[in-house]
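Engineer: Chain by chain, the residues run as shown.
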Amino acid sequence: MTAVDQHPAAAFEDNDQKPVGHGRMLRKEDPRFIRGKGRFCDDVQLPGMLHLAILRSPVAHARIVSIDTSAAEAHPKVKAVVTGAALAEMGLAWMPTLSGDVQAVLATDKVRFQGQEVAFVVAEDRYAARDALELIDVEYDLLEPVIDARRALDPSAPVIRDDLDGKRNNHVFDWETGDEAATEAVFAAADVAVTQDIVYPRVHPAPMETCGSVADYDRIDGRLTLWSTTQAPHAHRTLYAIVAGLPEHKIRVISPDLGGGFGGKVPIYPGYVCSIVASIVTGKPVKWMEDRSENLTSTGFARDYIMRGEIAATRDGRILAVRTNVLADHGAFNGVAAPVKYPAGFFGVFTGSYDLEAAYCKMTAVYTNKAPGGVAYACSFRITEAVYLIERLVDCLAYELKMDPVELRIKNFIQPEQFPYKTKTGWVYDSGDYEPTMRKAMEIAGYDELRAEQVERRARGELMGIGISFFTEAVGAGPRKDMDILGLGMADGCELRVHPTGKAVVRLSVQSQGQGHETTFAQIVAEEIGIPPADIDVVHGDTDQTPFGLGTYGSRSTPVSGAAAALVARKVRDKARLIASGMLEVSVADLEWQKGSFHVKGDPTKSVTIQDIAMRAHGAGDLPEGVEGGLEAQICYNPENLTYPHGAYICVVDIDPGTAQVKVRRFIAVDDCGTRINPMIIEGQVHGGLTDGVGMALMEMIAFDEDGNCLGGSLMDYLIPTSLEVPDWETGFTVTPSPHHPIGAKGVGESATVGSPPAIVNAVVDALKPFGIRHADMPLTPSRVWDAMRGAPQPPI
Amino acid sequence: MQVPAPLEYERATSVDHALGLLERLGSSARLLAGGHSLLPMMKLRLANPEYLIDINDLHGELGYIRMEPAQIRIGAMTRHRELLESDALAEAFPIFRDAERVIADPVVRNRGTLGGSLCQADPSEDLSAVCTTLGASCVIRNRTGERVVTMEEFHRGPYETAVEDGEMLVEIRIPVRGGGSSAYEKVERRAGDWAIVSAGAAVWLDGEVIADARVGLAAVGPNTTGLPAVSEALRGKRPSEDLYERAGALAAENCNPATDMRGSADYKRHLAKELTRRALRRSVARINEGV
Chain A
1 MTAVDQHPAA
11 AFEDNDQKPV
21 GHGRMLRKED
31 PRFIRGKGRF
41 CDDVQLPGML
51 HLAILRSPVA
61 HARIVSIDTS
71 AAEAHPKVKA
81 VVTGAALAEM
91 GLAWMPTLSG
101 DVQAVLATDK
111 VRFQGQEVAF
121 VVAEDRYAAR
131 DALELIDVEY
141 DLLEPVIDAR
151 RALDPSAPVI
161 RDDLDGKRNN
171 HVFDWETGDE
181 AATEAVFAAA
191 DVAVTQDIVY
201 PRVHPAPMET
211 CGSVADYDRI
221 DGRLTLWSTT
231 QAPHAHRTLY
241 AIVAGLPEHK
251 IRVISPDLGG
261 GFGGKVPIYP
271 GYVCSIVASI
281 VTGKPVKWME
291 DRSENLTSTG
301 FARDYIMRGE
311 IAATRDGRIL
321 AVRTNVLADH
331 GAFNGVAAPV
341 KYPAGFFGVF
351 TGSYDLEAAY
361 CKMTAVYTNK
371 APGGVAYACS
381 FRITEAVYLI
391 ERLVDCLAYE
401 LKMDPVELRI
411 KNFIQPEQFP
421 YKTKTGWVYD
431 SGDYEPTMRK
441 AMEIAGYDEL
451 RAEQVERRAR
461 GELMGIGISF
471 FTEAVGAGPR
481 KDMDILGLGM
491 ADGCELRVHP
501 TGKAVVRLSV
511 QSQGQGHETT
521 FAQIVAEEIG
531 IPPADIDVVH
541 GDTDQTPFGL
551 GTYGSRSTPV
561 SGAAAALVAR
571 KVRDKARLIA
581 SGMLEVSVAD
591 LEWQKGSFHV
601 KGDPTKSVTI
611 QDIAMRAHGA
621 GDLPEGVEGG
631 LEAQICYNPE
641 NLTYPHGAYI
651 CVVDIDPGTA
661 QVKVRRFIAV
671 DDCGTRINPM
681 IIEGQVHGGL
691 TDGVGMALME
701 MIAFDEDGNC
711 LGGSLMDYLI
721 PTSLEVPDWE
731 TGFTVTPSPH
741 HPIGAKGVGE
751 SATVGSPPAI
761 VNAVVDALKP
771 FGIRHADMPL
781 TPSRVWDAMR
791 GAPQPPI
Chain B
1 MQVPAPLEYE
11 RATSVDHALG
21 LLERLGSSAR
31 LLAGGHSLLP
41 MMKLRLANPE
51 YLIDINDLHG
61 ELGYIRMEPA
71 QIRIGAMTRH
81 RELLESDALA
91 EAFPIFRDAE
101 RVIADPVVRN
111 RGTLGGSLCQ
121 ADPSEDLSAV
131 CTTLGASCVI
141 RNRTGERVVT
151 MEEFHRGPYE
161 TAVEDGEMLV
171 EIRIPVRGGG
181 SSAYEKVERR
191 AGDWAIVSAG
201 AAVWLDGEVI
211 ADARVGLAAV
221 GPNTTGLPAV
231 SEALRGKRPS
241 EDLYERAGAL
251 AAENCNPATD
261 MRGSADYKRH
271 LAKELTRRAL
281 RRSVARINEG
291 V
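Chains A and B, in that order, give the protein sequences. Position one of the first sequence corresponds to residue 1 (UniProt numbering), numbered consecutively onward. Position one of the second sequence corresponds to residue 1 (UniProt numbering), numbered consecutively onward.
No lab work stands behind these hints, which were simulated from the structure alone. It is possible that part of the hints are untrue.
Said to hold, decoys possible - Below, simulated DSS-like cross-link-like pairs (lysine-lysine); rule was C-alpha separation at most 30 Å, straight line: (1) A/Lys402 <-> A/Lys769; (2) A/Lys440 <-> A/Lys769; (3) A/Lys284 <-> B/Lys43; (4) A/Lys77 <-> B/Lys43; (5) A/Lys601 <-> A/Lys571; (6) A/Lys503 <-> A/Lys606; (7) A/Lys606 <-> A/Lys18; (8) A/Lys37 <-> B/Lys43; (9) A/Lys341 <-> A/Lys167.
Just so we're clear, the structure is a prediction, and the values are computed from it rather than from any experiment.
Starting from the given sequences, assemble the full structure and let the hints guide the process.
Structural biologist: Rendered as structure tokens:
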């Protein structure tokens, strides 16, 4: 990989070293994954366990006339068949979504999207459960579906959510941010204003592991244990307590090894609730694992924003204002996973990395007969859409002004001395130094040489494009005064316990879906207390074993829980200092900390290691007055602000003029996520996110036909990229620490997914410049690029 | 969850054994070769055979590539990987290696078979386009004997073949002539995907003129499509860019693509033209380069 080439050999040789703290090291969790010894939800086997399968609606919109389950119930291996009507008797037919709407667990009145849950079967094995689904006879009275969001508010459109009291239309919410009048004034006076319609199509997180759960309800002591594919076990536990009326202390949610989440495992899906009900009803453990088609057609989608963007500037390229009007397709139930005060997530950062005079956004969200969701798919709550919008608009402006897109961006960057910078939509960017990051990407790319090469190639009729994106993300939700999910503040707890022999266990409230928490968090603690990462066990993903917290998504683990881990380690170190002062018989003020030990100032030979201190803390000897035994601490960290990582991406594409196929030749990603804890893990996250971006830009889309049939129900139809579609990633970095994070770290898990689609699209559009093209919508499949080459780019819907 | 409906399964131990089972079980039985099309369809319950006759043990009997002076005989159970790796086949017809390089992925190529590919009769299937291009014939056997049909006769429509109940495809025969070469061009949305459109070409030169040429297209009609009009236009002509252009235009005129998720009908027609040109150009270049 080129990324490897660019690092001095020494940077990689230390892979096998064991830094006591931050630095490049192999992941602690990898041996079990490499050897096939991970323990995922579907690996859970319990004695007497039954299997659950869900009957789903074959149509997008219909009234349920009748359901006959008698043949399924007669199947010799079937233990239970449950319909929406049966759930309604238990008061469980509907459940709250993360955004204050309700969603049907099993349909009672109507089905509202293809793939909606209608009934479930519990049987002795998964084959019998599946066979019995075919024995359920449902009569549907078909209704006209609403598929195109642009038709949802038409007075003649059928009302999808007639379950809601007094609902007469398909309107979900209106939302606005910024100053409409001020923005209008700037636009009216501006030299140049460019308007562009931009669609971010519906895509799916498509994690390798689908969703599933194993519910085990103990009828004797009323305890429920639920293994489930969740990115937020504590939040889920609280919601189960509220929904099912089970006491929270009797519920244990375990999120075992997860095969990817990407935001898709934040919501509570009906299947989880069905497995709980099934275990309560049968008195047996019950497993539900959805298949690939169920995952793609029914679990949380992402994006689906139809945007009109406007950008105003002076003729010499000073960007003055940005305005956008968004139509958001939320599917059949508003299942957006975002802090409640942010119905459009953090879309408000659409002003990007630029110092503007005004900005305004108006958004309308609608119901359609499509799967619910609106999850933060590898982005911090709709930031992907925001970054795509502004980075496309800036390129459209560059096109109109005939300016180089890099020059235009640099000219408008927020300057380092302006931080903390409050945007026109009210976001306070914590820190940033944008131009060096941009320059570094240009240097790695050889930007000027690439532009010269492009001139030569164009003269030969070849189609080469160079695309730029520069993003600022807002990650690490978030300050609890502003951010909560269903009333649960987005703070994170952390506990650290040092054992007598100097080994330690740190218990996180967040958990990993593949991000490498077991390594990164051990390194964070190691850096603070000097115990090697190998000696620190990281416990996560089990509500009985870990302190409360809101889970892993929106790149929040390091900004929030990472801060908690550093601070709890400092608390332990503070106590260790007291004990050390007793052991060395000097005052606390006379001690100096050197990673792993305290020594007497001016006399390094008089020292005690953290391991010595741990033994003393648990030993029989005297401790300083007022100091309790043990060496452990607990905190709950409430972040003061979000963190704002940024990055400069450059993509080089070649397009075959005969077939319109796009080949991503090079991709340069320079990320600034503040303090870098484990560079190898960061690079891995960036590589994955960039690949994701290639998928969205070039091939991924959940499409529907006019009847509402999902056309992306398998991985043959919903394409995700392989190693053959991506180049060798060229990565680099700058470091601008977060001023408010205890170790200066910012989130990075989603930067590449957010930043790469506009770079790729900008590159394709740049390659098509000879055809007079200013914009073309994703996914840029060969057929759609060919349309653009003929001057007729089509929106994807 | 994706599991097949209940079924009975038997492994055939010989071609005769398989034919006996097929005759007895009739239309309720399906042969299982590589399984990369049939098993996903069964898991989605789009295919629900009552009996599955696994013929993978017949690879010894039906897995072969036999080079003969006038024809190449390929057993129906010959796997993609064997077709890909056969130097003799690549020397006679480079189109096979061209196509195999872009068929699915190594996992599929390790199991999938030539016979299975042709019997699936997917309009986008690559080896069907290759066999159409090369004027292959198909040997169909039952308990009482064999019959040989052309590719045009073999494919009767999408997912429909001339193989009747009680019969199986056992061999594919490809006529061999000197002085020729071939090539395959495919455009796909992603590596391993089905073709948006693909084109195969085979050209035989007599001195500086084209003695014969054949073009076969995938994904532009109910089955892979041979184009006699293109052959007629090419015979007796000197190869040139103008000629490829005319051949491409004929290919575009003589196909019948449909708009779907892979691309618009207009784009596919354009590809039929572009890929026909490229495949012809490459075939001729290979003759001239002696490969």
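Engineer: Need the list of violated hint numbers for this structure, in ascending order.
Structural biologist: none
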